[in-house]
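Asks: Read off the chains here:
Number of protein chains: 2
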Amino acid sequence: MLAEIIAVGSEMLTPFRQDTNSLYLTAQLNDLGVQVAFKTIVGDSLEHLTGAARMALSRADLVLFSGGLGPTEDDLTREAAAAALGIGMRRDNPTFVSLQRRFAERRIPMPPNNAKQADILEGAILLDNKNGSAPGQFLHTLVDAQPRTIILLPGPPKELKPMFADQVKPRLAATLPPRFLARRELRMALIPESTVDDRTAPIYKQYTDVDTTILAHNGEIQLHFECAKPTLAEAKARVDALAEAIEHEMTDDIFSSHSESLDEVVLLMLGMRHLTLAAAESCTGGMLAQRLTAIPGSSRYFLGGAVVYADALKTTFANVSQDLVRTEGPVSEAVARALAEGIRTRTGSSIGVGITGIAGPGPGTGPDEGKPIGLVYIGIADVDGTQVKELHLTGDRERIRWWATQHALELLRRQML
Amino acid sequence: MLAEIIAVGSEMLTPFRQDTNSLYLTAQLNDLGVQVAFKTIVGDSLEHLTGAARMALSRADLVLFSGGLGPTEDDLTREAAAAALGIGMRRDNPTFVSLQRRFAERRIPMPPNNAKQADILEGAILLDNKNGSAPGQFLHTLVDAQPRTIILLPGPPKELKPMFADQVKPRLAATLPPRFLARRELRMALIPESTVDDRTAPIYKQYTDVDTTILAHNGEIQLHFECAKPTLAEAKARVDALAEAIEHEMTDDIFSSHSESLDEVVLLMLGMRHLTLAAAESCTGGMLAQRLTAIPGSSRYFLGGAVVYADALKTTFANVSQDLVRTEGPVSEAVARALAEGIRTRTGSSIGVGITGIAGPGPGTGPDEGKPIGLVYIGIADVDGTQVKELHLTGDRERIRWWATQHALELLRRQML
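Taken in order, these protein sequences are the chains called V and C. Start counting the first sequence at 231; every next residue gets the next number (the working numbering). Start counting the second sequence at 231; every next residue gets the next number (the working numbering).
Some clues are possibly wrong.
The list treats identical chains as one, so a pair stands whether inside a single copy or across any two.
Claimed, not checked - With a straight-line cut-off of 20 Å between C-alpha atoms, the simulated SDA-like cross-links for lysine to any residue are:
| # | residue 1 | residue 2 |
| --- | --- | --- |
| 1 | K360 | A475 |
| 2 | K391 | R503 |
| 3 | K435 | E494 |
| 4 | K388 | R629 |
| 5 | K391 | I421 |
| 6 | K435 | Y254 |
| 7 | K391 | Q248 |
| 8 | K601 | P422 |
| 9 | K435 | E464 |
| 10 | K391 | R247 |
| 11 | K459 | T250 |
| 12 | K388 | K466 |
| 13 | K466 | P341 |
| 14 | K459 | A431 |
| 15 | K388 | E628 |
| 16 | K388 | H447 |
| 17 | K388 | Y254 |
| 18 | K388 | T405 |
| 19 | K391 | T545 |
| 20 | K388 | A446 |
| 21 | K619 | I355 |
| 22 | K459 | G362 |
Since the hints were derived computationally from the structure, they do not count as laboratory data. Remember, it's a predicted structure, so these values are computed and weren't measured experimentally.
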């Protein structure tokens with residue numbers, strides 16, 4: 231069964247806005263075993279929209295519209311769907327009355343245009359909108375003797391998502407063969423995608439009934455496994471078996487086997503080991519602290535730390551001697567070590583992290599003269615001593631800063647293994 | 231002139247990936263006065279792709295394909311375009327030779343499939359690809375007696391963008407009436423979009439020849455003005471006149487009249503006034519520091535600060551008395567004031583900022599018992615004293631943290647006006 235998603239709205243044909251509902255809808259449809267074959271984005275023109283609807287009905291079994299159900303003159307999805315199907319609309323009285331009630335409650339007269347939100351395609355079922363005024367519509371019909379399902383959904387994600395989940399998905403599922411989907415996800419950090427693929431492809435290619443997707447982004451590799459079977463137990467058994475085989479191959483490189491983020495894993499490990507953490511950040515300027523504190527509950531294990539951007543603060547907050555900064559340069563193995571040790575002492579944390587580097591756009595100056603953009607040192611101090619890692623990162627300022635925090639988290643994780 | 235953009239690739243029909251080239255292409259086409267009327271996303275199927283190409287040629291004057299030009303069996307854009315146009319292809323010998331040379335240089339035999347990257351639509355011009363192997367193509371032709379322009383571009387943004395800018399845009403411009411576009415942008419923070427619209431609509435509606443777009447996101451409102459005229463001077467005069475009229479209405483609410491970000495403006499103002507800044511952050515956990523240090527050159531005015539997530543660190547790094555924390559609670563007017571003053575003293579900065587609040591997901595506990603999620607205090611201390619602002623923010627943890635930093639930056643800016 232093939233689906234087409236038509237996102238309606240001229241704002242999505244500007245350089246500023248993008249359709250995102252289709253990502254949600256695609257995930258939901260895939261759950262049901264339905265593949266999305268086309269996505270069309272079209273503006274608020276009756277002619278364009280009707281043409282797009284006709285095309286979709288000719289090439290897809292299931293056509294979902296998002297947007298264009300509001301009360302304004304620009305909201306034309308209902309009209310276009312009716313024109314493409316060659317059918318009429320009727321005004322639904324209960325919907326009309328409830329629209330009037332909404333306005334009465336706010337003591338505003340209802341503008342006449344609003345009434346069209348009660349117009350319904352002949353033969354369609356109305357889908358209740360709990361978070362907005364425009365109801366959705368669901369219609370099974372024949373187009374040129376082919377069975378077709380047409381679904382009209384409101385554009386705002388907070389209206390579309392619950393409507394799809396509660397009212398559309400069960401209806402579609404009832405018409406499709408029963409199918410149970412199991413998913414698993416493994417995550418790794420800082421390993422080249424090609425290395426992961428070289429080592430895992432011989433394994434996942436044996437599981438022809440499991441769909442494997444490798445995604446690489448921002449220093450993280452995700453392996454997504456998906457399997458559909460007539461029972462959930464069968465589907466689960468297959469993705470679990472594949473995940474286990476890949477865990478056996480990649481061992482400690484895998485930081486997460488149930489979709490936790492690297493930040494969450496580091497906090498979980500700190501918690502399990504009754505450890506606390508503090509950070510002294512120079513080039514990353516608080517990004518590591520910000521990533522960790524984004525996780526609810528992080529305050530139990532992450533105490534905080536210092537953003538020691540100015541050299542004087544390296545002394546004020548992390549006991550780094552100004553002599554050391556002058557002789558070795560702020561971006562040096564020695565200063566990273568001193569930052570990690572100093573922040574650990576000052577905060578009384580079990581582990582201290584120190585990060586110093588050159589994020590660019592300019593190369594090192596003063597005592598760091600001659601040191602290149604992308605040179606980063608990460609120090610990790612604990613009760614057993616201090617280790618420092620030297621990195622040579624590439625890319626722009628934002629990328630270098632992000633990857634530096636990614637490396638710091640991965641070093642912390644490996645330290646705690 | 232209407233355009234359609236066809237993004238080719240099955241990965242863009244999954245829940246994981248999205249077409250982003252079309253945002254760039256839309257901005258570029260709008261520059262030329264060309265409107266994008268449709269966007270289609272289609273997978274690597276010859277049948278689907280050919281159908282989509284036929285549809286596009288029937289409804290748009292200009293059809294741009296991105297992706298599907300590589301050497302694999304799944305790369306079918308050339309074949310589909312030829313089929314939809316009903317024309318043949320010829321193998322371009324110089325391109326074929328240069329493909330062979332690429333492989334020879336790497337001492338790998340060229341897989342036979344790669345040769346198809348040298349196939350060119352009858353009558354098309356080849357577009358050189360400086361960052362990859364697949365050349366683009368540009369064709370003016372007639373379809374059902376209508377003039378049509380067909381452009382094939384590679385999918386990777388770093389290949390597509392320079393190819394469009396250097397080779398496609400000038401070719402399209404030559405066929406279109408000369409047109410000069412001027413743009414301006416005004417930015418405001420933390421004002422409701424509806425307030426901005428109520429106050430500015432009576433002004434921008436008088437400028438019927440200037441296109442005004444209001445975008446609101448993450449506590450920032452942007453007003454974009456765009457005007458096309460036969461000369462650049464005329465276009466510039468119109469957007470400048472409108473921008474000036476709106477600046478006159480909104481005065482100090484506008485933080486940026488030339489696209490600078492709020493973070494940049496705060497740093498610029500610090501620089502102009504020879505001031506330095508430091509921050510003590512509790513609930514925002516380093517986010518304010520991270521935002522400021524993301525700007526190159528920020529180290530001259532932003533010294534750094536402390537992430538005082540744990541209560542003990544509020545004393546260690548910002549001199550806040552533990553008595554005060556116990557009696558008032560860490561989330562209190564008094565602690566925000568003490569954090570701002572303490573970090574200023576400890577770092578020797580001209581201005582100190584202190585942020586404390588309840589970001590959620592749980593409400594206040596211990597001495598903060600009974601205080602709601604979203605309660606945030608921001609203290610700003612300088613030579614003239616300290617002011618504290620109490621905020622009641624809504625939304626999830628991430629939103630509350632972001633808005634707290636947004637408020638801190640806007641308070642700093644207004645303080646320095």
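Asks: Compare the structure with each hint and give your call.
Replies: Hint check results:
| no. | hint | in the structure |
| --- | --- | --- |
| 1 | K360 <-> A475 | neither (45 Å within a copy, 42 Å between copies) |
| 2 | K391 <-> R503 | neither (40 Å within a copy, 49 Å between copies) |
| 3 | K435 <-> E494 | neither (30 Å within a copy, 50 Å between copies) |
| 4 | K388 <-> R629 | between (32 Å within a copy, 16 Å between copies) |
| 5 | K391 <-> I421 | neither (35 Å within a copy, 28 Å between copies) |
| 6 | K435 <-> Y254 | neither (28 Å within a copy, 37 Å between copies) |
| 7 | K391 <-> Q248 | both (17 Å within a copy, 19 Å between copies) |
| 8 | K601 <-> P422 | neither (26 Å within a copy, 47 Å between copies) |
| 9 | K435 <-> E464 | within (19 Å within a copy, 62 Å between copies) |
| 10 | K391 <-> R247 | both (19 Å within a copy, 19 Å between copies) |
| 11 | K459 <-> T250 | neither (29 Å within a copy, 34 Å between copies) |
| 12 | K388 <-> K466 | neither (30 Å within a copy, 40 Å between copies) |
| 13 | K466 <-> P341 | neither (53 Å within a copy, 39 Å between copies) |
| 14 | K459 <-> A431 | neither (22 Å within a copy, 57 Å between copies) |
| 15 | K388 <-> E628 | between (31 Å within a copy, 18 Å between copies) |
| 16 | K388 <-> H447 | between (27 Å within a copy, 16 Å between copies) |
| 17 | K388 <-> Y254 | within (12 Å within a copy, 27 Å between copies) |
| 18 | K388 <-> T405 | neither (26 Å within a copy, 44 Å between copies) |
| 19 | K391 <-> T545 | neither (52 Å within a copy, 46 Å between copies) |
| 20 | K388 <-> A446 | between (29 Å within a copy, 17 Å between copies) |
| 21 | K619 <-> I355 | neither (62 Å within a copy, 51 Å between copies) |
| 22 | K459 <-> G362 | neither (37 Å within a copy, 41 Å between copies) |
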